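2 protein chains.
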Amino acid sequence: MSSRKEFRDLAAPEEAHAAIASLSLAGDAETVPLDEARGRVLAERLDADLDVPGFDRASMDGYAVRAKDTFGADEADPVTLDLAGAVHAGAEPDVTVESGTCAEISTGAVMPPGADAVVMVERTDEKGDDEILIRKAVAPGDHVMVAGADIAAGARALGPGTRITPREIGLLSALGVDEVRVRGTPTVGIVSTGDELVRPGDELDSSRGQIYDVNSYTIAAGVEEAGGEAKLYPHAGDDYDEMERILLDAAEECDLVLSSGSTSASAVDVIYRVIEDKGELLLHGVAVKPGKPMLVGSLGDSAYVGLPGYPVSALTIFRTFVAPAIRREAGLPEPRTATVTGKMATRERYEEGRMRLMPVGLLEDEDGETLVYPVDKGSGATTSLVEADGVVEVGADTSYLSEGEDVTVQLFSPDVRLPSLLGVGEDDPALSRLLDRVDNPRYLPLGSREGLRRLRDGLPDVAVVAGPADRDVESVDLGGWTREWGLVVPADNPADVEGLADLVDRDLRFVNRDTNSGLRTSLANALADLADERGVERHSLVDAIDGFDLTVKAHESPARKVLGGSADVGLGLRATATRLGLGFVPLGTQDVAVRANPARVDKAGVQAVSAALDAVSDVVGDLDGFESR
Amino acid sequence: MSSRKEFRDLAAPEEAHAAIASLSLAGDAETVPLDEARGRVLAERLDADLDVPGFDRASMDGYAVRAKDTFGADEADPVTLDLAGAVHAGAEPDVTVESGTCAEISTGAVMPPGADAVVMVERTDEKGDDEILIRKAVAPGDHVMVAGADIAAGARALGPGTRITPREIGLLSALGVDEVRVRGTPTVGIVSTGDELVRPGDELDSSRGQIYDVNSYTIAAGVEEAGGEAKLYPHAGDDYDEMERILLDAAEECDLVLSSGSTSASAVDVIYRVIEDKGELLLHGVAVKPGKPMLVGSLGDSAYVGLPGYPVSALTIFRTFVAPAIRREAGLPEPRTATVTGKMATRERYEEGRMRLMPVGLLEDEDGETLVYPVDKGSGATTSLVEADGVVEVGADTSYLSEGEDVTVQLFSPDVRLPSLLGVGEDDPALSRLLDRVDNPRYLPLGSREGLRRLRDGLPDVAVVAGPADRDVESVDLGGWTREWGLVVPADNPADVEGLADLVDRDLRFVNRDTNSGLRTSLANALADLADERGVERHSLVDAIDGFDLTVKAHESPARKVLGGSADVGLGLRATATRLGLGFVPLGTQDVAVRANPARVDKAGVQAVSAALDAVSDVVGDLDGFESR
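Residue numbers (full-length UniProt numbering), protein chains in the order written: chain A, 1 to 629; chain B, 1 to 629.
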């Protein structure tokens with residue numbers, strides 16, 4: 001391990017921006033058909049090369065006349081003109097308007113020879129078959145759009161760098177343009193490193209430590225969102241020759257190469273050596289957290305940036321340093337939606353000395369203000385990706401942010417929307433269905449106890465609490481249901497488990513839920529009752545259960561351990577046992593209550609939860625052991 | 001013409017919204033591969049069906065140990081463990097950690113049997129080849145991420161209605177999902193009506209009154225921007241049977257049919273009759289300006305909306321009434337960028353009784369505030385499409401908006417950006433090049449005189465003035481150039497035109513510029529000099545020029561009339577004559593000055609103009625008859 005690189009002399013974040021800006025990521029300009037041009041950026045100025053309209057054109061339905069023939073005409077004293085014919089849009093006039101005559105004309109039709117004005121139909125009357133009464137005098141040019149009046153040939157139509165939106169499509173159509181020269185999209189190659197990575201959709205071998213590749217797909221989507229074209233390369237392990245071959249291929253074919261995916265220092269070392277040997281390394285390590293091991297350099301004619309390995313870190317560094325450079329080259333400035341401002345919901349302290357990119361979640365409070373709270377589950381968690389909405393840049397010399405302080409949040413995507421609801425609490429299958437009826441909710445299944453704790457601190461809109469609450473928190477009960485809980489065992493209960501006593505007295509491998517879970521609280525209470533009954537201390541029963549401290553994350557997890565054969569008994573719900581085809585030994589029924597932050601009961605998201613709870617029997621539906629209350 | 005429909009009993013705008021909302025535009029849900037899922041909306045909830053990670057995983061590089069073996073270890077008193085082997089990411093452990101041993105482990109690797117914690121490499125030392133010094137005590141679980149700790153199988157991962165952005169792609173990848181069920185995109189058929197319409201790229205016959213189809217392409221781009229899929233149908237004229245066939249085809253194949261394109265009342269009548277005969281007409285005519293002739297109904301299983309004919313009107317009605325309905329069905333809420341607020345730059349009066357959708361331009365003033373000004377060139381102009389940024393909804397009972405009043409602008413596209421600069425004034429080829437060097441400028445080539453007038457009223461950032469100014473306006477001269485002007489004649493000057501006197505004295509067909517143009521002012525001054533010389537009144541010379549009042553829109557237009565053979569002489573620039581291969585008779589040289597609004601000299605766009613003018617000789621370049629000054 002002595003070959004590992006140390007990240008001394010970290011570059012300042014501004015140096016990283018400058019280093020990336022110094023590289024060329026530009027794609028070649030290209031020609032695209034009009035119907036694929038939306039969202040692209042004009043590569044060069046486009047001047048009109050024809051007049052629009054290309055002819056003198058009636059701008060009203062009515063009669064084409066010689067203006068001087070209408071002199072003096074009014075309602076009281078109309079002029080009579082002979083009807084010489086008609087001109088329709090899309091047809092060449094086959095009539096000439098001589099003095100004393102007129103021709104019927106439709107909006108958009110070519111002005112017939114001789115005519116110099118149009119009298120609108122509302123100011124005329126038919127008089128027999130071949131005479132028209134004109135009840136208004138017109139001047140030459142009235143209701144006529146002369147050739148080139150809209151756009152004249154030779155005039156500047158659209159400048160270079162123009163973003164093509166529907167209205168530009170309209171102007172280009174008017175000019176008869178069916179293909180346009182647009183800026184190239186930077187091609188961005190993504191090389192993921194790590195022998196353990198498997199493509200989504202492929203088979204995963206967990207015993208070999210395989211995991212699905214997260215970064216490649218996340219970053220590829222980020223590249224496309226920033227206006228680049230992403231190209232995924234095969235996974236590379238930490239073999240130097242293989243890595244060199246893949247990186248050189250990518251550099252040959254792309255304007256920018258990103259490496260990403262591995263959290264393994266040895267793979268990062270190999271990349272470092274390839275870039276140092278075959279390209280140029282501009283900087284190695286940036287004074288930012290996360291993101292310290294970032295690399296910036298070039299390889300062949302391509303720019304190169306090495307992203308950190310953890311998903312949130314990789315997306316954060318991509319969003320902060322790389323996406324702006326891709327947008328710049330693509331000519332797509334960052335949309336205004338890409339940042340929001342809000343108030344810190346909590347006070348946060350920082351160690352000084354390194355810029356920090358803090359992942360945060362967003363929430364609207366009762367006054368419609370945006371609250372910002374840090375999300376920190378350790379940057380290795382993929383779930384942080386969807387629990388955080390963006391990043392707050394905290395300067396290297398900032399030691400704390402106060403509660404209520406205004407901060408700017410760089411959203412992970414301009415399409416990120418504020419959740420309509422923040423809920424925290426028990427993991428429960430009926431709740432999951434309830435959330436399906438709310439538009440864009442966010443729910444953190446951290447357990448009933450944690451839900452109540454956070455509700456007391458005032459951040460979430462609702463807490464979901466299962467079983468007896470050990471804490472009194474001011475809240476509004478929005479409704480709820482009951483659920484039957486107990487011991488999940490293999491199908492047909494081969495060990496004949498009958499109740500809690502079997503867990504204590506027999507040699508059964510048990511899997512528990514964590515202490516924040518309402519299921520765990522009910523189990524603890526049941527054990528306390530059993531201890532009372534037996535006249536022993538509760539801990540003596542607990543100590544007798546093999547696996548009491550073996551806790552897993554979600555409500556189905558213990559049952560899945562049973563299903564997988566690594567446990568004999570799991571704490572869980574009847575509904576889960578039924579769903580997974582397992583046996584079930586009931587221990588009780590517990591309430592699940594949705595409790596709202598009293599200040600937030602009028603929030604739309606809370607109202608939506610409340611409305612869904614009004615029809616709670618629909619929500620609970622066929623979930624075995626669930627009842628509306 | 002008696003069959004024309006009158007729009008009596010106009011519906012209120014809210015009724016139009018309600019009528020459209022009552023129609024079903026929903027497309028069918030579909031399954032798309034992960035790499036095409038960005039921007040789409042999940043059709044159903046997605047629960048995890050595997051644990052992430054799928055195994056107990058080292059979260060640090062270091063040594064896997066039995067925690068109890070490290071008890072009491074610290075820097076002063078390290079513990080020595082035997083190195084039993086190594087485990088790498090992506091490989092199945094082939095080592096078991098017995099008491100007193102450890103195994104080297106990489107971040108992400110599977111914890112070997114026996115081990116329950118990891119000591120990070122920084123707290124260890126190699127001692128010979130097969131022993132490791134452990135300088136820190138660890139507890140069971142330290143630096144280990146247990147199976148399912150990130151996402152547990154059975155847990156709710158993403159809810160229905162979730163917009164898929166890069167971070168959701170990340171979560172889906174982690175779950176190994178390679179295709180997702182997403183909401184269908186509403187398919188929107190666009191039937192353009194009007195015999196005169198030609199597709200961009202096809203040959204145009206102006207003598208038959210043909211024009212390029214603008215609306216179909218503009219609206220198609222708008223449909224796609226709103227999350228729909230646009231399908232263009234062949235142009236239909238005003239033949240009932242053909243129209244019926246096309247509309248029924250479109251209704252069969254699409255969720256929504258829009259008709260658009262014609263300004264001809266007869267074509268609209270035909271559509272009206274088809275919908276009335278074959279479908280259901282919900283409303284006919286809306287109390288909104290523009291957009292009165294809007295139709296809403298259904299045809300077969302498809303919804304139907306008829307848009308007005310003029311491009312800006314069509315886009316305005318589409319944006320106000322139709323795009324929100326498409327977004328709703330596609331599950332894509334309107335982005336926050338789609339509206340901005342600003343202050344009215346002028347006072348505007350309205351006739352009461354009908355809601356008005358006023359096209360407006362936007363501009364940033366010296367204080368960074370957004371100014372909003374009406375753009376009204378007659379809604380038939382295509383150029384209004386790019387001169388307006390969006391629409392202000394003015395209620396039916398509003399009789400005026402005050403200068404400085406706050407208004408909300410619905411942008412024509414969420415991608416519309418505020419121009420960095422608003423310029424008004426002379427049409428000039430060097431100016432066109434100068435603007436190429438400014439990011440996102442807006443320039444209205446309304447002539448020098450109009451530029452000065454507007455600069456005096458304070459709206460634009462700069463005015464561009466050619467020739468002698470007839471008005472004294474406070475401004476800052478940013479620089480400029482000179483240009484040679486005169487008479488453009490056919491190549492080799494076949495009529496031997498020598499100067500202005502020939503125009504007066506000979507029978508030559510002339511084409512002029514409009515009175516706002518600086519060229520026209522210089523011409524008028526030259527004629528005054530000739531009149532003085534001859535001792536006659538100026539108007540007698542003007543009257544003697546055939547075509548003096550025949551004015552065309554842009555600086556090249558007179559020369560193009562000469563090129564096309566419809567005039568013998570045109571007012572113009574030497575540069576234009578050279579470019580088009582025409583002859584030129586010089587009459588003089590005039591200054592072109594870029595003059596800034598004194599309050600706006602520090603605006604970025606004005607600074608960019610100023611910087612470009614510092615290198616004016618680059619801008620003027622090879623333009624014949626142009627000189628920097």
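None of these hints come from the bench; they were simulated from the model.
Source: prediction; values computed, not measured.
Treat the hints with care, as some may be off.
Any copy will do: because identical chains look the same in the list, a pair fits if it lies in one copy or spans two.
For lysine to any residue, the following SDA-like pairs were computed, each having C-alpha atoms within a straight-line distance of at most 20 Å [to be verified]:
1. 68 - 113
2. 278 - 473
3. 292 - 72
4. 278 - 203
5. 136 - 66
6. 278 - 32
7. 231 - 33
8. 289 - 60
9. 343 - 364
To see whether the hints hold, each was checked on the structure:
no., hint, in the structure
1, 68 - 113, "within (15 Å within a copy, 104 Å between copies)"
2, 278 - 473, "neither (62 Å within a copy, 62 Å between copies)"
3, 292 - 72, "neither (85 Å within a copy, 32 Å between copies)"
4, 278 - 203, "neither (35 Å within a copy, 54 Å between copies)"
5, 136 - 66, "within (13 Å within a copy, 102 Å between copies)"
6, 278 - 32, "neither (35 Å within a copy, 39 Å between copies)"
7, 231 - 33, "between (23 Å within a copy, 16 Å between copies)"
8, 289 - 60, "between (66 Å within a copy, 17 Å between copies)"
9, 343 - 364, "within (10 Å within a copy, 27 Å between copies)"
Taken one by one, the earlier hints fail for this structure at numbers 2, 3, 4 and 6, listed in ascending order.
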